[in-house]
Amino acid sequence: MAMLAWIMMGLAVWHFTVFLPDHEWGGIVGAFLGALFGAVIFGFAINGFTVPGESTTHLLTALEAIPGALLGIGLMYFIGVRQERNAEAPPA
Amino acid sequence: MNNHRRNLFVLALVFGLLLASLAVIFTQPTKLGLDLKGGTSLVYQAKPTKQSKVTGDSINRAIEIMRARVDTLGVSEPEILRSGADQIVVNLPAVQNAAEAEKQVGTVAQLHFYDWETNVLGPNCKPDASNSAVTGGPNAGSAAALTHYNAVKLAASCPPKVSANATTSGSYYLVNSGTKPVTVTLASGKPKVYLPRSVIAGPEDTEAGLYTGFKADTQPAGTSVVKVPEGTIVVAGQASGKNGNGPPLGYFVLNDDPALKGTDITDPKQGFSNGATGSGEPNVTFSFTDKGQSIWQKTTRAIAQRGQEQQLPGTQASDAFQHFAIVLDNQLISVPHIDFTENPDGIDGSNGSEISGGFTIESAQRLANLLQTGALPIKLELISNSQVSATLGKQALHQGIIAGIIGFALVAIFLLIFYRVLGVIAVGALLIYTVYLFALLKLIPITLTLPGIAGLVLTIGVAADANIVIFERVKEEIRNGRSVRAGIATGYKKGIAAIIDANVVTIMVAFILFILATAGVKGFAFTLGVGTLTSLFTAVVATQAVLGTLGDSRIISSPSALGVTKTDKQRWRFDFMGYSKYFFAFSGVILAIGALSIGANGLNFGIDFKSGTQVKVALAQPATVQQVRDVVGTVAGINGADAKIQSEQSKDLGANAFSIQTPTLTPTQSTAVTKSLTAKFGVKQSNTTTIGPTFGQTVARGAIIAIIASLLVISAYIALRFEWKYAVPVLIALMHDLLITAGVYSLTGFEVTTSTVAALLTILGFSLYDTIIVFDRVRENVPRMPRAGFAQIVNRSMSEVFTRSLATSACTSIPILALLIFGGQTLRDFAFALLVGVISGAYSSIFIASPVLTRWKEREPMYVRRTARIAEAHGGVVPAFAEAREGEAPVDVPLPERKARTRLTSPDDPDRGVSKAEFDAMVADLHGDAPAVATDDPEPPKPKPDSSADALPEDVVMKDQPKKPKTPRNRKHGRSR
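In the order they appear, the protein sequences are chains A and B. Numbered according to this note's numbering, the first sequence spans residues 1 to 92. Numbered according to this note's numbering, the second sequence spans residues 1001 to 1977.
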């Protein structure tokens, strides 16, 4: 159940990336992957690399995915901006 | 064959098939499922035995034996089907006693005869034929019995013995060896306490098999596993109670070396123990095979001689009688003695023998039948059973039919209002479709179940959708200046690709569902698949023939007759892509709320997933929840406090309806619950469902595999038909729809059942229907608008198909709404998931899939340059729609149309005269390849815009290589004109 909550929250956070300039690595699809994997990996990590079961999932479990999703999107954005800078830089 | 002849041929075919279908409908019976006519359904999971593994052959043999057993029950039209790799579904119409059916059908019936005294083991794991403390003496089979735990521990301490006759390769038990009670969590999530020194589970052939009933399939804390080696078995003593229904009278440990097997006997019959020494009690008589007769004589002789040897002088002979044990499925049936005074040389098997001891007529008949049909080659575990009363079934059928009729009527009204004459033709096509489908259901035959009815009603929407896609295209062509006849021809030609793409996906999803779903949902999948195929014929081929034939008539001569009003008024002018970010944010908020709800409330899983027993009853007399609980608590083995009992306000069950949920009950216990309630309050209708823990796991696993398989197949198809970049937004939109539906289920607390899973998979197909319609138009407009930005292309495409998308969604939603309102409880749950999914699917195809595609495609270098050029030309702003300003090349370039095989020799519409395009086509036909130039045209021909003006060589990716120009047709070979 926790996995479902993380994925849903990751997808929810991703929906707001349309307000960012399109600089993510892989564009909006890259941001999608970043949000989903970020949410799941972060949730997994802060629960001691276990997935809480149905009885141990609560409201906070869903919120745990938000920092992970933001980190994932941020990572994609960072990689994308760096690639663009490298592409624009004049050859040495 | 020219168009006219082809149309007439198709119409004749449609009419002929219609007559044949009517004949089938009136002559063939409709095969109703158990949920519509009442009865008992049992689902078994196969497990291997020492003699046989679970293979296709062993399951098929088991099915044959089960069929023979069912025949002895005298059930009409039973169904015994294989489901998946290791499950067997037994449907018994009109049978209400699940306990009796279960005993008759699913018992393995492995019968073995043991020489008792030489095989029953003492504390040192050795037989001691002369020690009555080990054998029980004259009371063999009841005296000297052990507790279950002690018997298992003793058996586990015995050394392994390899024997050709052994019935197992060793068996596993889960025990509580400690001094404190152990609480284990069952798969249903409920705790259960086991006392110290007790057996919790077993025997099982594998260690993993011990844990299937527990949470997470793992060994519960505080328990230990005990292995009984090969060559030793633990058998339960004879059952206590007057009719042999009670718990066993202790347990015994035996050397697993049976002298005779069930296969060594023939012609078992129920009889009575008559004669001089007979008691008149029911028994089972049988004969032996030649081999069995010889072994029988040899074994009984050895037993008799041993008795003679052990008789002490001065004692009665009966004190020294030795025994043999008859063991059926690890339980002692009887332990008769051999009277060596009467049979000093053993018993001659030529006259057969008998099994007696504590039988009722029914149990003796059952054993005789089981022995007659033979032992099952594999072990079968009952993982689900359900009973539906006939009245409830009829009521469900009635509600399904009402929902279907209302759904059909509403779709017909919708079509007539929006498409007028075309609507009349579409309604006719729908009627024909319904007749065809109903005939196919009877002809194949397909067992009609409640989910099947849902599939039927749903395909009415699918069939209407196909018409809407084409009719909207026809209207669009007419609005663009084509004549009615040309509009119809072009509309069908251009609309068919989108319909085929959308329907192929629906059929693929239905196929996956059929392969992986549980038995109840298979009917839905089959009906959906067959219905979609049939609708392709009636909605596309048949209506085209009708319209083609009516093409010259006055009925459809006016565009307004087809629902075409003022030109260009229908096109939407909305910046779909510009505003998409707000729709994205809206979806994000909905998903976040759903995620929080899932975290806080979870999903309300039905017993299909959790395991347990649910009894729904309509009582004749009013009762309170406490009164019902008290009655339920009187049934042996049920704690009334553990039962979750709710009073239900249900139209299906009436005023005094109750839903009783308990931990998994045996068929005997669930029958006892209904009987107790009948005795106290009277039961008008009842519906019992029992789901074992493994069934829920199978359903969940099947659902996950089905969803992943569907997504993979859909992605592959979209990538093949469109472009791989189109497949990713489709997947994201599908994920959006599934998760939104899950969120709504969590928020509303609706129960998640196997029907919900089927509905979720159907949502995949429907969500895609809308997306394909939009993407199909984008695909068409990309080469037509070589200077436009991708967002402009998508905006234009959306404006062209938005009405169509709304209409198809509405048309699909109408029958679902009818199911929701009129379909009864089961169909209502199903329809709710579908309705949420269809609405979410329509929304996501427009506001999620298309913007994701746009944002992704606009990163391609070609579109980056285009967008930059457009922005530069428009003061830094990219307009929502591509429009050519004065002096600029037109936005649209004409695409080379595929040359029609037919020759144009007359105008489309004789009353309207000949358009320039039609004139040019006629000239081209008459002059072969000569260019058609109208000499009186005052305007010089405009230069063709270069469609690759802003593309670099690497940007130009041709999906389809241009075909080589056809060589001019050799007119000498053509048909004489």
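Be aware that one or more of the hints could be misleading.
As the list claims (entries may be wrong) - Derived pair list, reagent style EDC-like, types lysine to aspartate or glutamate, alpha-carbon separation capped at 16 Å:
no. : chain 1 : residue 1 : chain 2 : residue 2
1   : B       : Lys1675   : B       : Asp1630
2   : B       : Lys1610   : A       : Asp22
3   : B       : Lys1126   : B       : Asp1290
4   : B       : Lys1261   : B       : Glu1381
5   : B       : Lys1291   : B       : Asp1348
6   : B       : Lys1581   : A       : Asp22
I should point out that these hints are in silico values taken from the structure, not numbers from a laboratory.
Here's how the hints hold up against the structure:
The hinted pair formed by Lys1675 (chain B) and Asp1630 (chain B) meets the criterion: a straight-line CA distance of about 14 Å does not exceed 16 Å. Note on Lys1610 (chain B) and Asp22 (chain A): the hinted pairing is violated, with a Cα-Cα distance of about 45 Å set against a maximum of 16 Å. This hinted pair does not check out: Lys1126 (chain B) and Asp1290 (chain B) have alpha carbons roughly 32 Å apart, beyond 16 Å. Using a Cα cut-off of 16 Å, the hinted pair Lys1261 (chain B) and Glu1381 (chain B) is violated, with the two alpha carbons roughly 22 Å apart.
With a C-alpha separation of about 13 Å, the suggested pair Lys1291 (chain B) and Asp1348 (chain B) falls inside the 16 Å cut-off, and the hint holds. A distance of roughly 13 Å separates the Cα atoms of Lys1581 (chain B) and Asp22 (chain A); the hinted pair therefore holds under the 16 Å criterion.
In summary, the numbered hints that this structure violates are 2, 3, 4.
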